[in-house]
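Protein chains in written order, with the working numbering: chain A, 2 to 332; chain B, 273 to 597; chain C, 3 to 290.
To be clear, the hints were calculated from the coordinates, so they are not data collected in a lab. For every residue, glycine included, the Cβ atom is placed at its ideal position computed from N, Cα and C. Any given hint might turn out to be false.
Example chain A residues on the side facing chain B (calculated, C-beta under 8 Å, incomplete) [said to hold, decoys possible]:
| id | residue |
| --- | --- |
| 1 | L217 |
| 2 | L263 |
| 3 | P267 |
| 4 | L271 |
| 5 | I274 |
Calculated lysine-lysine pairs in the DSSO-like style (CA-CA distance at most 30 Å, straight line) [claimed, not checked]:
| id | chain 1 | residue 1 | chain 2 | residue 2 |
| --- | --- | --- | --- | --- |
| 6 | A | K88 | A | K132 |
| 7 | A | K246 | A | K262 |
| 8 | A | K88 | A | K64 |
| 9 | B | K476 | A | K262 |
| 10 | A | K262 | B | K520 |
| 11 | A | K64 | A | K176 |
| 12 | B | K520 | A | K246 |
| 13 | A | K246 | A | K305 |
| 14 | A | K132 | A | K176 |
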Amino acid sequence: MNDAALLSVEDVAVDLPTPRGNLRAVDRVDLALGAGRTLGIVGESGCGKTMLSRAILQLLPKKARLTGRVMFDGRDLARCSAEGLRKLRARSLAVVFQDPMTSLNPVLTIGTQLTETLLEHLELDASAARKRAVELLAAVGIPEPEQRLTQYPHQFSGGMRQRVAIAIALSCEPKLLIADEPTTALDVTIQAQILDLLAREQRRRHMAMILITHDLGVVAGRTDEVAVMYAGRIVERAPTPVLFKKMHMPYTEALLAAIPKLEAAPHTPLPAISGRPPDPTRPLAGCAFSPRCRYASDRCHSEKPQLAQAEARDHRYACFHPIKLAAGVDA
Amino acid sequence: MMQEVMRAASDPLLKVENLVVEYVVGQRVVHAVSDVSLQIARGETLGLVGESGCGKSTLGRAVLRLRPVVSGRVIFDGEDLTAMQGEALRKMRRRAQLIFQDPIASLNPRRRIGDIVAEPLVIAGYDDAGRRQQLVYEVLSAVGLDPALVVDRLPHEFSGGQCQRICIARALVLNPEFIICDEPVSALDVSIRAQILNLLEEMKIRFGLTLLFIAHDLAVVKAVSDRVAVMYLGRLCEVGPSEQLFTKPAHPYTELLIEAIPVPDPDVRPAESVAVGEPPSPIAPPSGCRFRTRCPRADQRCRDEVPELRPVAPGQYAACHHPLT
Amino acid sequence: MATLELSVQEEIIAAPVKQTRRLGTLFWMAVGWIVLVFALAIFAPVLPLSSPTDMDMLDRRAPFSALHWLGTDGLGRDELARLIYGARISLLVGLCAPAIGLTVGGALGMLAGYFRGRFESLSVGSMDVLLAFPPLILTLAVTAFLGQSVFNLTCILGILGIPTFMRVARAATLTLARREFVIAAQALGATHARILLRELLPNVALPSLAFFLLGVAVFIVVEGSLSFLGFGVPPPISSWGSMIGEGRESLDVAPRLAFLPAIAMFLTVLSFNIVGDTIRAITDPRQG
Chain A
2 MNDAALLSVE DVAVDLPTPR GNLRAVDRVD LALGAGRTLG IVGESGCGKT
52 MLSRAILQLL PKKARLTGRV MFDGRDLARC SAEGLRKLRA RSLAVVFQDP
102 MTSLNPVLTI GTQLTETLLE HLELDASAAR KRAVELLAAV GIPEPEQRLT
152 QYPHQFSGGM RQRVAIAIAL SCEPKLLIAD EPTTALDVTI QAQILDLLAR
202 EQRRRHMAMI LITHDLGVVA GRTDEVAVMY AGRIVERAPT PVLFKKMHMP
252 YTEALLAAIP KLEAAPHTPL PAISGRPPDP TRPLAGCAFS PRCRYASDRC
302 HSEKPQLAQA EARDHRYACF HPIKLAAGVD A
Chain B
273 MMQEVMRAAS DPLLKVENLV VEYVVGQRVV HAVSDVSLQI ARGETLGLVG
323 ESGCGKSTLG RAVLRLRPVV SGRVIFDGED LTAMQGEALR KMRRRAQLIF
373 QDPIASLNPR RRIGDIVAEP LVIAGYDDAG RRQQLVYEVL SAVGLDPALV
423 VDRLPHEFSG GQCQRICIAR ALVLNPEFII CDEPVSALDV SIRAQILNLL
473 EEMKIRFGLT LLFIAHDLAV VKAVSDRVAV MYLGRLCEVG PSEQLFTKPA
523 HPYTELLIEA IPVPDPDVRP AESVAVGEPP SPIAPPSGCR FRTRCPRADQ
573 RCRDEVPELR PVAPGQYAAC HHPLT
Chain C
3 MATLELSVQE EIIAAPVKQT RRLGTLFWMA VGWIVLVFAL AIFAPVLPLS
53 SPTDMDMLDR RAPFSALHWL GTDGLGRDEL ARLIYGARIS LLVGLCAPAI
103 GLTVGGALGM LAGYFRGRFE SLSVGSMDVL LAFPPLILTL AVTAFLGQSV
153 FNLTCILGIL GIPTFMRVAR AATLTLARRE FVIAAQALGA THARILLREL
203 LPNVALPSLA FFLLGVAVFI VVEGSLSFLG FGVPPPISSW GSMIGEGRES
253 LDVAPRLAFL PAIAMFLTVL SFNIVGDTIR AITDPRQG
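Given only the sequences and the hints, what does the whole structure look like? Please build it.
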């Protein structure tokens, strides 16, 4: 693992006991992220990406069991005390959730929610905190910020609420921002605005960011590196241009192909992936994608592929029959 | 007039004329649909695209008389739907069906799949239980589900994609002519989306359907539609053939939508969005052209005069005083 | 190339795993007690009991004995028999009163939640009016006017229970009527009656039922309180409440005369509460 990495996730697994048996939500994931870099985590529902983000943030449900190390800024978050974590939370580690309706407290004003973080973590006095809150709202593009401080979340639209959530997350200048499907609940034109905002603020603050989404289009132009998750594991990881141009995992290729493209003519049949994602309480012996994979062989059904190094630097994939896309590339 | 301008090539199955739908929330009036006219030819798929709050879902439901209409008409196969009542209306319902966005919420959680899919038959008066079962089995097979494994189960035992197949089966069991699909794939995973879209296309061919496909995702709409209509804040902005509309949009809002789509290609730098601000509320829509508050081309005329749909290219109409082409 | 699926193929549906809900031992004990009390109450006439009205003046307030398992009360009547016959009255009122509330209130609530508009405003308004009446005074007034009897008591308590059931049914209907499966039924041309009975009722019934069981518990106590004060069931009919009232006089000599019916009532009310709560907990997650 890279020593200079700001965040280093090492062999992390998350197990959840359920009435139907043990659920392995995250299955031995390794990740590294340097300061100022953006990592995109892509996967469909149930792939474990949200659980992974919770594991990093140490916000797992009580029943969950975490194994492995989450090294942030040299410290293992999994072994941190509650007080230590609390100090880290706003100052270094911030999060923006998917649903702006529920991530803001409906009975407190925006001003209160913004300033409470500032008062708590930066130890500003009330008027300085208020001034900073106004600056933050302006920075995220909310018009008339002074008036809006006294308003409640329900008086804002969805896009505005998400901007406020971003302002709260950025208020203490965190080193790492985790955005968990930040635009999924928003319209496409607002989505573009919010993603632009995140990119701009990240550049300005030299902040590391993890962008979690199910939309490959969102990560394509806005991330340095992409990790694709399936059934709790990372199945492919590469710098963004490499992933899109030289992908090796059949799942990645199928996912990309299944997205309707604007350039395609109408009524072109879409290459769909048959079947559906596996039941996490009944893990398969072999590769989790093998029941749905065109290229699956006997080996795929019985043996789990491990992450292997591809030709390009930092490109890893987990497959026995990788796709060779670019000419001359050998797995 | 408008009808001449909008006439589709063959005799239209559905004609919407100057439809206005409003509803009251508290003390205020929401102008959900304001003077919308369109036509759908037999065998055609018309895509209706727009962002949340534009009124597209309300329009879809109003067309099927599931929402009260303030003014305007809906003509289905030559008959005035808006004037129908009681038994005539119920009979019409067998010919026009609706598929919803949330497939799990569209199924009664306490009824078995077999009963749910047979319900339209029961309502339509098919008394023979054997015949009903036969039709239910046929339509479940058609959507790719094994009837014997499915009929006795409850909705919560199925995934989103499977539930949507069941909803499609329910919509098809009476062999309708027209189906309104209201965001049928938005709630589904990417890999399942493609399956359901392919299924809809295949069902359309197999059952000879005419579709009104409502969605907010342009690429999805383009994939299945022959013509596309773009809606904003209760009004139509642009209508035209799919390929033409997306390669040469005439209305600034259409262009905005196209530019905002995240393209899964790392070489394409996302354009700094030109969109300014947020869509206004349908309770107090702007005067004149409703898009003017976010449009870089807006001027005084846009404020004073409501733009009408005018032809800008063969088959393509835009409601704009300063169209792009 | 990637996995291409151009034609529809069969979906493999795995057999669902049976989700067994663990109903605790407490639940089953509660059920057991309820079944026992019901059985005793229903079969009271054929059980080999002494008559609850036979007075044995020589043996008043007798302690436990082979002849009288639970002793006798202040007038020499067999306590066990009185408990069992008292159960009949307590359960009768305790069940019938909320049943009235459930049927009338439930129907009103469903109609109000489904049709909305003026009908809803009218119903809700009338319920508010009904709730504004102080229940105890209303009961006393009615019984004073129409006479004290089990029938009158059940009716007036039933009517007083209508607003709460109406609220439960209306709340459930309001959330459900907006769900797509109801609109889907409308789109199919189903009549209102059909939608109410086949789509909404099965979904509203369970939470209403859970509430009903809790209502039984409440009404047993209400009837008990009224009878304790002498305003409930008229003598010589006795329920647990009136037995507690009569036992008050003997508290220093024979406290069991007050405590035995009190324990019986306590256990029964507790059991109905446990069963009602458990059923509500079971049905709720499914509703999501």
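Problem - Violated hints - listed by number, lowest first - result: Per hint list: zero violations.
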